[in-house]
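> Below, each chain spelled out in residue letters.
Number of protein chains: 2
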Amino acid sequence: MESQLNLFYGLSFLIVALAFAFAVYLYLWVKKQKTVNGKIQEVSQLIKEGANTFMRREYIVLAKFAAVAAVVILILLPSPIWQGSPVDNISMALAYIAGTVLSAVAGKIGILVATLSNARTAEAAQKGIKPAFLIGFRGGAVMGLLVVGFSLLGVAAVLLATGDSSILLGFSFGASSLALFAKAGGGIFTKTADVSADLTGKVELGIPEDDPRNPAVIADNVGDNVGDVAGMGADLFDSNVAAMASALVIAQSLSGTGFSNVSMVFCYAILGLFASIIGIATARVGKKGPTSALNSSTYVTTAVFLVLTALSNLVFEGFSWRIWGAAAVGLLVGVIIGITTDYFTDDSKSPVKKVAKASGSGPAFTVLSGISYGFISALPAMVGIAISALVAYKLCEPMGDGYAIFGISMAAVGMLSIVGMIISNDAYGPIVDNARGLAEMGGLGEETIRTADELDSAGNTVKAVTKGFSISAAGLTVISLLGAFMSEANDALVAAGKAVISGFDIMNPTVFFGILIGASIPAVFSAMLILGVDKNAQRMVAEIHRQFSEIAGLREGKVKPEYDKCIDIATSGAIHELIPAGLMTIVATLIVGFIGGPSAIGGFLLGNIVSGLLIALFMSNAGGLWDNCKKYIEAGAEGGKNSKAHKAAVIGDTVGDPFKDTAGPSINTQITVVSLVASLTSSLFVWFSIFH
Amino acid sequence: MESQLNLFYGLSFLIVALAFAFAVYLYLWVKKQKTVNGKIQEVSQLIKEGANTFMRREYIVLAKFAAVAAVVILILLPSPIWQGSPVDNISMALAYIAGTVLSAVAGKIGILVATLSNARTAEAAQKGIKPAFLIGFRGGAVMGLLVVGFSLLGVAAVLLATGDSSILLGFSFGASSLALFAKAGGGIFTKTADVSADLTGKVELGIPEDDPRNPAVIADNVGDNVGDVAGMGADLFDSNVAAMASALVIAQSLSGTGFSNVSMVFCYAILGLFASIIGIATARVGKKGPTSALNSSTYVTTAVFLVLTALSNLVFEGFSWRIWGAAAVGLLVGVIIGITTDYFTDDSKSPVKKVAKASGSGPAFTVLSGISYGFISALPAMVGIAISALVAYKLCEPMGDGYAIFGISMAAVGMLSIVGMIISNDAYGPIVDNARGLAEMGGLGEETIRTADELDSAGNTVKAVTKGFSISAAGLTVISLLGAFMSEANDALVAAGKAVISGFDIMNPTVFFGILIGASIPAVFSAMLILGVDKNAQRMVAEIHRQFSEIAGLREGKVKPEYDKCIDIATSGAIHELIPAGLMTIVATLIVGFIGGPSAIGGFLLGNIVSGLLIALFMSNAGGLWDNCKKYIEAGAEGGKNSKAHKAAVIGDTVGDPFKDTAGPSINTQITVVSLVASLTSSLFVWFSIFH
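So the sequences go chain by chain: B and C.
Per our numbering, residue 103 is the first one in the first sequence, and the count goes up by one each step.
Per our numbering, residue 103 is the first one in the second sequence, and the count goes up by one each step.
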């Protein structure tokens, strides 16, 4: 059976090579598209420089953090270097560094392509929706292919080199710790700029979105790139790696079928990437417009994946239909969650309409009704995750000890199999959002702006759906990480000559202690991020006011604003705020572990997952709802632009901005990081803890 | 040892008699105080009539619900009538009815006294703060004494009559199901009126709070009574009964020490009531003002309770210091949680100041920063509950099987021992709030209004603290109800010849399934209540607009508004909305039970408790913070009244109103009801469930 596994290693590297080749092709294709408008080139250049400046400063901070973390890992993990084998510690530290580097490189290239595509998309929009869509989508697809390619490459290389799936957890931790800070930092940057630009521009001055007179307008466009392209890419890189890593840790611990379970994980990852390539290659705008184009590519990818994995079951020895079923359930539930998310954020459905109506009575009602629908919207996804975990577990339980949890981890792998497609759709959003801004600032005319608006609106709709999807995928992944944590903790307990854990009983007070504290963490974490945005935005608003009062001729458009001052405020603020929240979650995990040992950590992870999912779904969906509510009113409902309802909706949208683009999507990563920290440090808690 | 228990039954009835006698004395004392101002008498009469109308209509609906529930209980609980003994079913149904009736009577009398005290407090405020404080406080104390007296009376009578603690769960369910609807209905009423009055009066028309020209002003004052007096009384009646019931269920299941554990529960309840009587009798305003008077009475009560229970340990055979320790830890943690809650809502501390500062940048920042501090404020209370549960458990674990959970239930009993004092402080709030309104409407002059304002402000501060306290107490109670549920489920499993449950393992997918769904319920529940307020307030705002545009001379104060129309809107809306949310939680419990059996329900209760505590703490504290932030600005900070910051703070306060007075405090009751439903119906799930 080892030959079978080797076959899949080979195929993994082959499909990664294919994905990279395709990404290069798409990159060159995008680059080949013309851009002739000098004004657009100039602004696009400003956006690119702003993004690069931020990324450089962010990566310097993250490199320092990663260096410290790598040294700590070298000394302490998987077990203190003076106790275990130093080779393991060196491998773990190297795997950690590899995880951070691949994540950073993917983010960097994503930014490169996105800032290349935005101007070209804007100019292509003059010719119509089809060519513009293709540039925006293909620019995003480069990011999608790279992220999935890097994750498969990294996981396969680490496992092939070390043969030890625990080392994979180090790689995965590298990916997540970077993602945690990239998501938080990018999220704070983007919303600082967005909120400030909207409040001063739209609300106070009454100038349109993306008006070049607004000093924050370039920062706002930079933010789309660093938040939604780099941050989101790092986030999904992390989820994807974590899902594969936890599935592989559990697969290696299973007895009976040799390597076939490990092979199966790789096979599904390979076929997922292949299906995404097909989906990307076939994406075109038809008569139904861009939203439908993005959705139908997702459905194509899903169908291709399900058919090919079913075929693989017929071909390969030791592959199980039960596990296929678990993966299929995960994927289908993911798609269904996406659709229900759409219900709560789509402006043709009741929730958005009701919030728009409530806005007529004032902003308090916009906020209250949006929060309410946000809370309700969490229910279907929570039920979906609960059902897919239950079904995957029950399907695989008869296969033997440990298979039930393996089933859940394969549901996560299944859900994430189409992640290449998801990222492509997601990265499309900021590119066309930028393109819309460039069309406005480049003076390309009403018609072109309308085309860009249509592309942008599709990006927003799809974004809400993919967010629900990625939160749910993180949910399933961390459930299987809970299994991985238990298996790691038990290895350490056996080594320490202590009794193993068979589960985490909620009636055990140390477990319960962990649950209550774990449940508080996502709330505190998101509060810290939101307060970061709140603080920075106040500073940026003050700067914008200063520019308008001090720079003569700015209001009339005769003089350019000092764009770089705003970019600098967003950058410094984000860099300053990104570490504390992330560090708090890691430190809290360690404190609970050293107080209550593995049982408390089991509870802590559970509490963290449950409240993390709830808060993330609430925030993402409420934010998406308010955004679309504002657009719905701007399109003429409830009195249209500048009505009382519109003013209230703008306030709702401002509240929703950090919900949906800073805190909500960062929670994914937060729960993954905490789960990985717990697994990695489990042996420490076995040795040192007050209660046990 | 049975003689010991009989002694405590006797003492229970004696202390209840004493409490009732004291309540009657206070009632007569309040009634004796003079009221001479015709205008105030007239308005006070309107408030009283409005409250009575609402209570009558609400109780008619609740009576129908209770009748249906009693029939269902008669047929199905504790086990289907065709299987078990019909006497048990009859007892259970009667106990249920007794629970609902006592809760309703306490609410009714509370309203009676509160509407009697408000006018007298207002007029006494002309003479100074001391006499006014005393009337307000003693009016509230009548409610406090009655609620605690009724709970001890009911619990002792039911247990003495049936000897079966399971029947107590029926009594407790009666109390909670009424509380659930009373809290939801009263909460919707009060915030519909408050929000509408503020938005139209303060924001749109720029007239002061409690201005008699505002058509919603009477409804607003009625709301304080039906929401904060009747609703809150029902809530704490429910918590108190549930804490005692679950402690007694567990005490009866303990082996070894005969009746002494049961005796101990009664002894602590008796001493708690006695300590509250002392605290109430000694309350006076000193130099430090009303807030300090309320707080120091609470400290007196706490100290008296701790000393007397320690003495009881020396006197009575079989009483344990470990259990005393558990009760003491619960009580002390409750007080500490109250103090930390105060930090987040007090305007001399950093959170309120920062939110006020953020308000200068617009309402979106008020909302965002308030939500953030609300989330952070949940952490200390969650940690406090976690620690008190852990310590109580570890303290009592060495005493033998089952004692650990008994320890947690006694921590809840300890925390709730001073509930008589807590209710007195809480009911004081709406009385002085009403008094302030009456002083304004009766034209008693600036000086008197200032005195009333000071009394009112103390009420608001103490209210935030008591809310943190009562949420935490509910948290500990429902943890012990989880223990009660397991013991009930195991009885049913033994009767069915199935294997008993030793715990709820979070790695078990049916448990996990339950956890995820249970965690969603408080979010959906609170959303439904908030949407109820949102919808009704929109209707009431429309009605107020209509009156101002159609009634000539209203704006100038020449003609009276049609107060009754607004009262009617609040009443009909609340009656209409109060059933669905409550029913949803009960039905969800049953669905999860019939799908996943006892294991899923164990998880469901856990998820419900954890997310319920988090959301309740978040909402109550954020709401309190916004309220005080508005007052802080009105007192002159950040530009004072009518500044930009003030407008933003008013919007924040409006968002916070249903958070803190409708949804937040209703969640207490929601988690208790769900826990009781689960315990009561456990045998049904053992017999009928899809998975197990």
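Take these hints with a grain of salt, some might be off.
One copy or two, either will do: identical chains are not told apart, so a pair holds if it fits within one copy or between any two.
Said to hold, decoys possible - Straight line, CA to CA, 30 Å or less: simulated DSSO-like cross-link-like pairs of lysine-lysine:
(1) Lys456 with Lys496
(2) Lys746 with Lys667
(3) Lys660 with Lys141
(4) Lys600 with Lys133
(5) Lys232 with Lys134
(6) Lys496 with Lys733
(7) Lys637 with Lys749
(8) Lys496 with Lys136
(9) Lys746 with Lys456
(10) Lys150 with Lys456
(11) Lys749 with Lys150
(12) Lys456 with Lys749
(13) Lys133 with Lys733
(14) Lys749 with Lys459
(15) Lys667 with Lys455
(16) Lys451 with Lys600
(17) Lys746 with Lys733
(18) Lys390 with Lys456
FYI, nobody ran anything at the bench for these hints, they're computed from the structure.
> The structure should be examined with respect to each hint, and the outcome stated for every one.
Here's how the hints hold up against the structure:
| no. | hint | verdict |
| --- | --- | --- |
| 1 | Lys456 with Lys496 | neither (40 Å within a copy, 51 Å between copies) |
| 2 | Lys746 with Lys667 | between (33 Å within a copy, 26 Å between copies) |
| 3 | Lys660 with Lys141 | within (15 Å within a copy, 64 Å between copies) |
| 4 | Lys600 with Lys133 | neither (61 Å within a copy, 69 Å between copies) |
| 5 | Lys232 with Lys134 | within (17 Å within a copy, 84 Å between copies) |
| 6 | Lys496 with Lys733 | neither (44 Å within a copy, 56 Å between copies) |
| 7 | Lys637 with Lys749 | both (22 Å within a copy, 20 Å between copies) |
| 8 | Lys496 with Lys136 | neither (55 Å within a copy, 72 Å between copies) |
| 9 | Lys746 with Lys456 | both (15 Å within a copy, 28 Å between copies) |
| 10 | Lys150 with Lys456 | neither (40 Å within a copy, 35 Å between copies) |
| 11 | Lys749 with Lys150 | neither (32 Å within a copy, 39 Å between copies) |
| 12 | Lys456 with Lys749 | both (16 Å within a copy, 24 Å between copies) |
| 13 | Lys133 with Lys733 | neither (32 Å within a copy, 58 Å between copies) |
| 14 | Lys749 with Lys459 | both (13 Å within a copy, 22 Å between copies) |
| 15 | Lys667 with Lys455 | between (39 Å within a copy, 28 Å between copies) |
| 16 | Lys451 with Lys600 | neither (56 Å within a copy, 48 Å between copies) |
| 17 | Lys746 with Lys733 | both (14 Å within a copy, 26 Å between copies) |
| 18 | Lys390 with Lys456 | within (27 Å within a copy, 49 Å between copies) |
In terms of the numbered hints stated before, the structure departs from hints 1, 4, 6, 8, 10, 11, 13 and 16, listed from lowest to highest.
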